[in-house]
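Q: Below are the chains, spelled out letter by letter.
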Amino acid sequence: DVKVTQSSRYLVKRTGEKVFLECVQDMDHENMFWYRQDPGLGLRLIYFSYDVKMKEKGDIPEGYSVSREKKERFSLILESASTNQTSMYLCASSPGFLVPQYFGPGTRLLVL
Amino acid sequence: DAKTTQPTSMDCAEGRAANLPCNHSTISGNEYVYWYRQIHSQGPQYIIHGLKNNETNEMASLIITEDRKSSTLILPHATLRDTAVYYCIVSSNDYKLSFGAGTTVTVRA
Numbered sequence: 001d002v003k004v005t006q007s008s009r010y011l012v013k014r015t016g017e018k019v020f021l022e023c024v025q026d027m028d029h030e031n032m033f034w035y036r037q038d039p040g041l042g043l044r045l046i047y048f049s050y051d052v053k054m055k056e057k058g059d060i061p062e063g064y065s066v067s068r069e070k071k072e073r074f075s076l077i078l079e080s081a082s083t084n085q086t087s088m089y090l091c092a093s094s095p096g097f098l099v100p101q102y103f104g105p106g107t108r109l110l111v112l
Numbered sequence: 001d002a003k004t005t006q007p008t009s010m011d012c013a014e015g016r017a018a019n020l021p022c023n024h025s026t027i028s029g030n031e032y033v034y035w036y037r038q039i040h041s042q043g044p045q046y047i048i049h050g051l052k053n054n055e056t057n058e059m060a061s062l063i064i065t066e067d068r069k070s071s072t073l074i075l076p077h078a079t080l081r082d083t084a085v086y087y088c089i090v091s092s093n094d095y096k097l098s099f100g101a102g103t104t105v106t107v108r109a
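Protein sequences, first through last, are from chains A and B. Take the first sequence: its position 29, counting from 1, is numbered 29 in my numbering, and each next residue is one higher. Take the second sequence: its position 19, counting from 1, is numbered 19 in my numbering, and each next residue is one higher.
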């Protein structure tokens, strides 16, 4: 079974803090993705990566950066957290394109 | 990517088949139909996908009409654990999966 794990299920941070969300997959997948999910807005793609050290902006990259130093790990960084970044963050991986994505359990982030 | 239309919600009885419809009348020839579901407070889970032919796996069956303008996801024997939001997505790009509002399926004992 594909396993995608995320470092925390719940996180509380203060405005202005730097926040790291970690995602690890154990299936040697090429592609990894970060989404956020908000009520009424569905899932929105923040960034994705198709190879180590490669990244592409998704639909809402502003206020976020990412890092992929190793194939299995994809990090999402909030440089200076703001209250409008309170959300559920979901990481996914896939072995290529036009194939399914496998999601982690999500991190519910609250920024105060 | 083509837009999809799904009912907002549906109920089904435990042990019975659940048939979830999806309309995608503007689908183009290279777009796949994907189904995912999301159980409360968890990440989405892939169920099945197809291009033209009907597909079946251990979780569900996918029936795509001949003109590809609609499809139906069938859960053959619904259980309480199948209660979830089900998303029908049409995409020609793996990284452009647009999750809409989906169908909230409630399985009742």
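Just so you know, the hints here were simulated from the structure itself, not pulled from any lab data. Every value quoted in this text rests on a predicted model; they were computed, and no experiment measured them. Do not rely on the hints blindly, as some may be mistaken.
As a list, the in silico DSBU-like pairs of lysine-lysine whose alpha-carbon atoms are at most 30 Å apart [what the hints assert, rightly or not]: (1) B/LYS3 - A/LYS55; (2) B/LYS3 - A/LYS57; (3) A/LYS57 - A/LYS70; (4) A/LYS18 - A/LYS71; (5) A/LYS71 - A/LYS13; (6) A/LYS70 - A/LYS18.
Here are some chain A residues pointing at chain B (derived, C-beta under 10 Å) [said to hold, decoys possible]: (7) VAL12; (8) GLY16; (9) PHE20; (10) PRO61; (11) GLY63; (12) VAL99; (13) PHE103.
The following residues of chain B were derived to be distant from chain A, with all beta-carbon distances above 12 Å [what the hints assert, rightly or not]: (14) THR5; (15) ASN23; (16) ASN54.
Heads up, the beta-carbon is just placed ideally off N, CA and C, and yes, glycines get one too.
Q: Looking back at the numbered hints, which does the structure fail to meet, lowest number first?
A: Violated hints (numbers, rising): 7, 8, 9, 10, 11; every other hint is consistent with the structure.
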